[in-house]
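As they're listed, the protein sequences go chains S, W and P.
Sequential numbering from 1 applies to the first sequence in my numbering.
Sequential numbering from 1001 applies to the second sequence in my numbering.
Sequential numbering from 2001 applies to the third sequence in my numbering.
No lab work stands behind these hints: they were computed from the structure.
There's no promise every hint is true.
[To be verified] Coverage of chain W stretches by chain P, computed from C-beta distances (three or more under 8 Å per stretch; other residues unrestricted): (1) 1004-1013; (2) 1258-1269; (3) 1273-1287.
[As the list claims (entries may be wrong)] On the chain P side, residues computed to face chain S include the following (Cβ under 10 Å): (4) 2018; (5) 2024; (6) 2028; (7) 2029; (8) 2106; (9) 2640; (10) 2645; (11) 2674.
We put the CB at the ideal spot given by N, CA and C, even for glycine.
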Amino acid sequence: MVFFGSISGKTMVSKQTFTFNVNGQQHTVESFPIARLLDVLREELQLTGTKEGCGEGECGACTVQIDGQIVNSCLVPVAQAQGTTIKTIEGVAKDDQLNAVQQAFIDFGGAQCGICTPGMILAAVDLLERNPQPTEIDIRNGLAGNLCRCTGYMKIFESVVRACQQ
Amino acid sequence: MRGYVPSYQLLTPTSLREALSMLADEPGVWKPFAGGTDLMVLLEAGRLQHCNYINIWPLDELHHIQVTENHITLGGLTTYTEIQSNPILRSEFPMLCQAASETGGLAIQNRGTLGGNIVNASPAADSPPALLAYDAEIELTSTQSSRWISYHGFHTGYKEMQLEANELLTRIRLPRQTSNCLHYYRKVGTRKAQAISKVCLAALGRKEGTRISDIRIAFGSVAPIVIRCVSTESQLRGKPLDASTMKLARESLIKEIAPIDDVRSTAAYRLRVAANLLVDFLNDLQSS
Amino acid sequence: MFNRIGKSVPRKEGRKKVTGQALYVDDLTFPDMLHGATVRSPVARGRIRNISFEGDLPWDEFVVVTARDIPGANHVALILEDQPYLAADFVNHPEEPVVLLAHKNKYLLEEARRRVKIDIEELPAVLSLDDSLTKKEIVWGDDNVFKTFLVDKGNVDEAWAQADFIVEGEYETGAQEQLYIENNGAIAIARPGEGVTVLGSMQCPYYVHKALIKLFDLPEHQVRVIQAETGGGFGGKEEYPSLITGHAALLAWKSGKPVKLIYDRAEDMVATTKRHPSRTHHKTGVTKNGKLVAMQIDFVIDGGAYCTLSPVVLSRGTIHAAGPYVCSNVRIKSRAMATNVPPHGAFRGFGAPQSIFALERHMNKVAEAVGLAPDEFRRRNFIHEGETTATSQLIREPVDMNHLLDRAFEFSDYHRKRDTFAKENHSSRVKKGIGFATFMHGAGFTGSGEVYLQSVVGCEATPEGKVLILAASTEIGQGTNTIFSQIAADTLRLDFDTIEVVQPDTNKVPNSGPTVASRTSMVVGKLVESAALSLKQTLIGSGLLPDTYGQSDFQHACAAYIEKFGPLKTSAKYQPPPNVHWDDAKYQGDAYGAYAWAVYVAEVSFDELTYEAHVKDFVALQEVGKVINPVLASGQIEGGVAQAIGFTLFENVVWKDGRMANNQMTNYIIPTPADIPPIRVFFEETPYQYGPGGAKGIGELPMDGAAPAILNAIENATGITFNRIPLMPEAMMEQVEPNLDEVSTTSL
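Isolated chain S (complex conformation) (with noise of 0.2 Å):
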């Protein structure tokens, strides 16, 4: 085990190398290991787009996807991303252009304050790569880890229908 260091009676591990794909990017960070990959992708890499909002898995604020499967990347220790591929709201649009999800939502009303927007759009994409003409049940499923304080759900719901329709 490498340590260097100590403070108020804990030791202190070094800091590691890991390397990871961030929406088409090749990032290499030095994190400590444990350092949540939200804090990393906010901090190290300046993509604040992905919010916490409860550090505790249980709002989806910071879902981000990897290797194709949505996480809480707040429950992500770095030294998990190693070697992997992340898709984060940042990466959602092509360019300019919109998904059609991210379109969906300005137009039916499914983002308010936004603040859970990022995450939930993450699963709603999700979701729709998965299966692409999901069924309500299907469409609470598949969100039921993301929570809004702002529209009651209706609205995020009629987008994913609506996105469906593109």
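Got chain S; can you put chains W and P on it based on the hints?
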């Protein structure tokens, strides 16, 4: 983030063998770190006591599902998402699939693992009651040996279990003996998704004529550990499915479980709802 | 191209929100920035003996602020001057701020926070409304009372004689956490001699401005407050940001460096404001024909340890306590009490959901006593145009509650369902029920409030023909940017995209008042309309713009005007509608400029196995004047109803020694996408003369009606009366099957 991130080590071994060597070489120093869905919550809250972890998540040896004639065997890192999509589990072990589908949201299900859930040893865990009812066995592996033990009995007290410091929970297997059974799984958690259970029942029953020929009852959130209610089972086995048996079930169960008051619910509620669910299961069995 | 009002124009800032480009306070950084943390009281009440800094931490690297470092007045300037920024000698609630720390390393900062020890000599605390009312200890002022109101219409004492029935009931509501998904946070840049600038998540930049001027004893122009993109508020960012921005600024002032102070979820839940818990006692006199003759209402709220906004919350709750009914004799006595819990504060509805819950449960009880169906009883007492409310406000607009009730019943299939459920329930383990509530909600500040506020909105044209709206009213998700742009675009007959709403910044925008009280569209929107109209008239009056014009005419005119005369800027100041009078001493008169009127119907199921109730269908029908943007408006209603469903059936603040014990999203549960029923929203539109395009306020309304509608439905399903929310399954069990207690006693 209330945890002091710089003090936590998380090393990634290249193989299961290397992981087991780390456990063996420095007994008690290292603990496994699987999908992180429990440990990272503790870290955030500043309550993650242990500091040195082995990142087992990337180990392919622990990600698999194998089906043989008599068993289905799941790698320790089988996720809830993988559980739900397996056709054999869906047809023969529906309670496990239902438990997996009711654990957190999809992002948790993609990351939470069955082995991690067992070793985390929460009495409110959703899958363990189903594992108990299905007579699951678990494989504990060290550099020296590997042993299969019954999952029932593995937990010995709150967050205590029969796991040596050099051992890793590597596989879980379920005997394929669920034909002609009624499977009853119900998690009660106030809200429909993302809930931590207040009471959770996984029960399996079979009847011959009007009598109970086989019954297995497991509860979550009503005792310091997820509990298999063997005493109630033995009281009920062979009994007719009638009103007096329902009463007996209720009386026996409340002697066997010991729920508590906490921020999520009350002991009185848990006790009564547990009994209600058991009776509901017996009613379903009667009318099945 | 015109007539944007009434159209679902897409949200102005939608694109940056769906792409992750919108910048919230935690997304911002500054060179050399430190992170701040707050060290809080571990106990409910006591005297501070000592503060020590322990452990082998490099304490000299930390910026440490205590009450002694405050340059100006150590209180949050709001209504009273009782709440300190940092406790100096005494603490009055758990989690009260005592010490502030800053360091560049966030992880180390947390370690340090744990190692500051506040030694406190504990004093007896008051932790319940009862203990406060009975003065078990005096913990505030002479009598624990922050504020009282008395509304006295007619003569209640004499009216009891006319009653054939007198019906009493008591109703309680619990605390509720706003649970915006973005926690409270602020960044401050401050330097003695230069002034203070703060950026933060907030609803009311000028509240913060006023508070920081006092805190630092600075002239107005040396304090600058900028609203960052704000991730929900619901009242939770009405008064609290004055505290957190002040804390960040104190650390910045002392260190000379930018300081970011962001709460995590656990801190936000445990330390910041919640909805006031309440208790309401009703005594109602009614004739055998079902006419109300006397209503006596005693309404009490728990304000927590400091006054904050409790008097205003109490006021709104008081005025709404008698609802949309006519009664000649009404007496409403109300009190806001002090306890040693963290101060309760603004939350959507602002006292009205509490008193309306009580009233709409009680109306069902009175109906039953008289032997009338709950709808028929209400129909006999609804208020109409030309009649007066409890504050003797003459209703001058057409109001047809009967029609609203008919429509809501039609959409919800109320009567058929009620009959069907009555037939089917006895043979089913899952009982179904349907219930409703009828209510109103006043928009804008109460009484003379809007006159005192003197809100101002500015409008400025650029040489490129862009029109800037200058207002301190914040976009917090409810649609301010879009609504203001629609109003200005229609007034100026320009493209929607020509209008820009300037980010609220006290250096740039006038004080259009706080973003609260359902006032932004109706009151401030009207000022936007006036300021835009004035801009148009200025251009036309200058001879540079013809009476009928196109987009390019407008642009040329702006360029020419600015070239010739300099900046083209207009403003509008609040003018009350005519004939509005309010008597603050007697609490009589025109309490609000306009009311929204509503009927909400809830369908529920109740599972006898688990004692859980679920809402299966919800109809929300309201008359809100002209709807400016149907998608945004229905979004407000749906969101409010969902929050109210949480208030009713999910959200239980567990108190332990005056402290929230379940301060995690795992244990304080709000509805998920899987929990919310279809919420079906219907608008009736009767344009309001003094609102922009005829609009009234809607933001708070949907918080009011769901709780009583749901409990009325549960009563319909189970035949059991529940009068306290949140109504958790544990409480329902106690009432549904109290006789099963031998089960629990034998085993526990």
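- [ ] Double-check residue 2028(P) for me: the hint is only fine if its C-beta lies closer than 10 Å to a C-beta in chain S.
- [x] Hint on residue 2028(P): holds, closest Cβ of chain S at ~8 Å, below 10 Å.
Open item on the list: When I compare C-beta atoms, does the region 1258-1269 of chain W have three or more residues closer than 8 Å to chain P?
Closed with: Since 8 is at least three, the answer is holds.
Task: Satisfaction of the residue 2029(P) interface hint, Cβ to chain S closer than 10 Å - done: 8 Å, holds
Task: Per-residue hint verdict: residue 2024(P), partner chain S, C-beta under 10 Å - done: 7 Å, holds
- [ ] Between the region 1004-1013 of chain W and chain P, see if three or more residues pass the 8 Å beta-carbon test, and mark the coverage as holds or violated.
- [x] holds (count 3)
Open item on the list: Given a cut of 10 Å on the nearest C-beta pair, is the interface hint for residue 2645(P) held or broken against chain S?
Closed with: Residue 2645(P) check passes; min Cβ-Cβ to chain S is 8 Å, inside 10 Å.
Open item on the list: Tell me if the interface restraint on residue 2640(P) is satisfied: Cβ within less than 10 Å of some Cβ in chain S.
Closed with: 7 Å, holds
Open item on the list: Would the hint on residue 2106(P) be counted as holding, given a Cβ-Cβ threshold of 10 Å to chain S?
Closed with: 9 Å, holds
Task: Interface hint status, residue 2674(P) versus chain S (Cβ within 10 Å) - done: Residue 2674(P) check passes; min Cβ-Cβ to chain S is 5 Å, inside 10 Å.
Task: Interface hint status, residue 2018(P) versus chain S (Cβ within 10 Å) - done: 4 Å, holds
Task: Claimed coverage, the region 1273-1287 of chain W by chain P - three or more beta carbons nearer than 8 Å - done: holds (count 5)
Of the hints listed earlier, there is not a single one the structure fails to meet.
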